[in-house]
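4 protein chains.
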Amino acid sequence: MNSVTKTLEAPIIEAPAASLRRMTTLKALAFNCTLKAADKTSSTDKLLGEIAGAFRPHGVETEIVRVAAFDVLPGVTSEAEGPGDGWPALRAKIVASDILVMGTPIWLGQPSSVCKRVLERMDAFLGETDERGHMPSYGKVACVAVVGNEDGAHHVCAELFQALNDVGFTLAASGSTYWVGEAMQKTNYIDLQQSPEKTASTTKTLAATTAHLARLLKGNAYPNLS
Amino acid sequence: MNSVTKTLEAPIIEAPAASLRRMTTLKALAFNCTLKAADKTSSTDKLLGEIAGAFRPHGVETEIVRVAAFDVLPGVTSEAEGPGDGWPALRAKIVASDILVMGTPIWLGQPSSVCKRVLERMDAFLGETDERGHMPSYGKVACVAVVGNEDGAHHVCAELFQALNDVGFTLAASGSTYWVGEAMQKTNYIDLQQSPEKTASTTKTLAATTAHLARLLKGNAYPNLS
Amino acid sequence: MNSVTKTLEAPIIEAPAASLRRMTTLKALAFNCTLKAADKTSSTDKLLGEIAGAFRPHGVETEIVRVAAFDVLPGVTSEAEGPGDGWPALRAKIVASDILVMGTPIWLGQPSSVCKRVLERMDAFLGETDERGHMPSYGKVACVAVVGNEDGAHHVCAELFQALNDVGFTLAASGSTYWVGEAMQKTNYIDLQQSPEKTASTTKTLAATTAHLARLLKGNAYPNLS
Amino acid sequence: MNSVTKTLEAPIIEAPAASLRRMTTLKALAFNCTLKAADKTSSTDKLLGEIAGAFRPHGVETEIVRVAAFDVLPGVTSEAEGPGDGWPALRAKIVASDILVMGTPIWLGQPSSVCKRVLERMDAFLGETDERGHMPSYGKVACVAVVGNEDGAHHVCAELFQALNDVGFTLAASGSTYWVGEAMQKTNYIDLQQSPEKTASTTKTLAATTAHLARLLKGNAYPNLS
Chain A
0 MNSVTKTLEA PIIEAPAASL RRMTTLKALA FNCTLKAADK TSSTDKLLGE
50 IAGAFRPHGV ETEIVRVAAF DVLPGVTSEA EGPGDGWPAL RAKIVASDIL
100 VMGTPIWLGQ PSSVCKRVLE RMDAFLGETD ERGHMPSYGK VACVAVVGNE
150 DGAHHVCAEL FQALNDVGFT LAASGSTYWV GEAMQKTNYI DLQQSPEKTA
200 STTKTLAATT AHLARLLKGN AYPNLS
Chain B
0 MNSVTKTLEA PIIEAPAASL RRMTTLKALA FNCTLKAADK TSSTDKLLGE
50 IAGAFRPHGV ETEIVRVAAF DVLPGVTSEA EGPGDGWPAL RAKIVASDIL
100 VMGTPIWLGQ PSSVCKRVLE RMDAFLGETD ERGHMPSYGK VACVAVVGNE
150 DGAHHVCAEL FQALNDVGFT LAASGSTYWV GEAMQKTNYI DLQQSPEKTA
200 STTKTLAATT AHLARLLKGN AYPNLS
Chain C
0 MNSVTKTLEA PIIEAPAASL RRMTTLKALA FNCTLKAADK TSSTDKLLGE
50 IAGAFRPHGV ETEIVRVAAF DVLPGVTSEA EGPGDGWPAL RAKIVASDIL
100 VMGTPIWLGQ PSSVCKRVLE RMDAFLGETD ERGHMPSYGK VACVAVVGNE
150 DGAHHVCAEL FQALNDVGFT LAASGSTYWV GEAMQKTNYI DLQQSPEKTA
200 STTKTLAATT AHLARLLKGN AYPNLS
Chain D
0 MNSVTKTLEA PIIEAPAASL RRMTTLKALA FNCTLKAADK TSSTDKLLGE
50 IAGAFRPHGV ETEIVRVAAF DVLPGVTSEA EGPGDGWPAL RAKIVASDIL
100 VMGTPIWLGQ PSSVCKRVLE RMDAFLGETD ERGHMPSYGK VACVAVVGNE
150 DGAHHVCAEL FQALNDVGFT LAASGSTYWV GEAMQKTNYI DLQQSPEKTA
200 STTKTLAATT AHLARLLKGN AYPNLS
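Chains as they are written, first to last, in numbering that gives the first Met the number 0: chain A, 0 to 225; chain B, 0 to 225; chain C, 0 to 225; chain D, 0 to 225.
Here chain A stands alone, though its shape is the one from the complex (with noise of 0.2 Å):
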């Protein structure tokens, strides 16, 4: 009996805290793509917090990364675009982790500008793959975090999930969690008094999934594409 079969035999996960604990624990990269310095509160932070708070008991850790503090510069490339480029700083971070989180606010009812300027770099992933075919991403699970005051998280879902698949990552069921008030109103994320049952509720669903999926992987690499 092979390691295969023994993989299609093994017994569903499910998952105690307990065991989870005892596996090698998983590095998740959150990027908070605010518009806002580092030095400002953000939305986004709060709720990423939240995610690496349900992360810990499925034994991954989180570093989160406000892209803003990095001056990425315009660009499809891994190289530095120009003298200051933050980029190949993130880049390293993302080849260095399991997972990646992409956290955003909602402008207009779309994804931030400086969370397309991530997307846009990874891009080169496409070119980069190795001898096996695989991209830097693959293997990789992405998950998408979401902020706005009123409308359009879905959408900005589906923008991101488009643009990191393409750039070879992997999405877990229910890769996402988000919060939006009521239409056209103004309320931010960071000053509800407590968050949303249904928001925490659907953030340790992702928590759940993406290590679920993200540990199957680095244990059972995608095959060989060339």
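Heads up, some of the hints might be wrong.
Now the stretches of chain A that chain B is said to cover, found in silico as 3 or more residues with beta-carbon under 8 Å [what the hints assert, rightly or not]:
1. 100-107
2. 171-184
List of simulated lysine-lysine pairs, DSBU-like, C-alpha gap at most 30 Å [unchecked claim]:
3. C/K92 <-> A/K185
4. A/K203 <-> C/K217
5. B/K197 <-> D/K185
6. C/K217 <-> D/K197
7. D/K217 <-> D/K35
Don't read these hints as lab results, they were simulated from the structure.
Even glycine gets a Cβ: it sits at the ideal position worked out from N, Cα and C.
Given the structure of chain A, go ahead and fit chains B, C and D onto it with the hints provided.
Frame of chain A; chains B, C and D shown alone:
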């Protein structure tokens, strides 16, 4: 050593055709969401046929279904919305499959209304979680095939990835394939002398990643969420 | 002094209700693209009724049509696609109107399949230009009304604005109105005690700009394009 | 007979080049949202140049601006977000124009991050209404020009139409033009021997409808909304 650690230590599956044929066969269901009645040729059918061919060496058998031949009524439930509603039969096919391939033409840069109707009916999955908190789609992998005369494939993928993920499907890396011609032209995929090499190679990659992920998830279900 | 310069020198139309009532009445056609049969109440109907009320002081009479009550068959032609196809009757109503209001609910963050089907059938306009090179929709102004439980209005507008503009409609500034509730909630617009002030004010603006532009274009057709 | 009825009875403007040259010249501002620095050739530039040429016989003079040459900082305000912020200068150009042409390349099927940043900064218009309740963009007509190697033009239009309309711009019928090549190919618009006839004809139509509508709105402002 428990089964979880076994999975973690499993060697990378290189998935050569030989070992794959020894595996449990997976079932893929491919929905052709063309607007055309069942007796007319369809460019979407051509691409779905190519996907079926690409799945075979990975141990995946594909059933292609022309959705327009079923009378899917408007609604967001799993039960018949009226006499002759074709949805319950299509839903049963989804539940019995490991992989769902959504194939759609592009109209006005967007997925077809037939495709949209299928997505809407799957909205019911959100309320049909089992005792583990899993939707009927949990553990199944979806992928997307798009054909159009000229433009819109990426956006169709975005719409479908988001909707499919929302209703519980998992998405493998490189989970889409497509063909479109030059801007504002009228050539159909079905009229091409031969399938363009780029599309063929993308289809082959989709089949490899999707089959791999579906097999992994079949052997290792998402954790209990409730 | 010719008519063109007269138009250019015309004073700003302040459009008080008094002078507007003296104007030629315009016809607005509002499609309710709910998935529900005609005998069921609809949140979209409520918002369309409010638009009809907001149009009245601007000299616009509105007919609201429940699309699901017509059996619109799949296709991209203007003629009947089969026995009982409701499209030709709906198309005749569009041609007889000055303004088209597309009203749709949100499902999975996207427009309804009923709405998509209407757009697809209007794809035929692209091939129906007259001797001036004008589609049947040229000179007509479209606007969009969206209701949902929680999220998706901006994206629905994006999908509709693009498709409507592609098939020849003009869009006035602030050409949309909507209501959605807080993330992941289930309240329907129709169940609100009263219409939220923000939505009401947005609806009023939409009516003013759309009526103004439709009147201008009715008196001053787009130039000959052929 | 008042000026309003005069407008309503005005004959159809056939807009021959001769009479148009007698009209007040309109100003179009074209933003090139390429990711490339100002000294590099750009396919978007080529299409914007063709639009400028198509506008001329309609009495529209076009200024093309390379946005990447200005350092537009992240934010949603009209004022400088920091030292060297290029936005206030670009915003002044918008305010001084009758027509805004948004030109963008496609990356991952979506508008460029440079384009997104321009849209975000215009979000400020929503809070800058004058005593009539008009945003600074009211009465200005926007249109869209898109170039890409292979796919995404319709979606880019959808994103831009919705965002531009939200921040107060009006959209003429057929308000976009684009070029993309066959699926997954790498040809650039700038490398084509000559502009494809279909794109050229679409550009000509866009120029005619956009110029016509901008002239109408310049002579007949939207009504007082406050």
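Against the structure, the hints:
1. Residue count for the region 100-107 of chain A with a Cβ under 8 Å from a Cβ of chain B: 0. That is fewer than the three needed, and the coverage hint is violated.
2. Coverage of the region 171-184 of chain A by chain B holds. Counting CB-CB distances below 8 Å, 5 residues qualify, and the rule asks for three or more.
3. For the hint pairing C/K92 with A/K185, the CA-to-CA distance comes to about 39 Å; that exceeds 30 Å, so the pair is violated.
4. The straight-line distance between the Cα atoms of A/K203 and C/K217 is roughly 55 Å, outside the 30 Å bound, and the hint therefore fails.
5. Only pairs whose Cα atoms come within 30 Å are accepted, and B/K197 paired with D/K185 is accepted, the gap being roughly 11 Å.
6. The straight-line distance between the Cα atoms of C/K217 and D/K197 is roughly 28 Å, inside the 30 Å bound, and the hint therefore holds.
7. This hinted pair does not check out: D/K217 and D/K35 have alpha carbons roughly 34 Å apart, beyond 30 Å.
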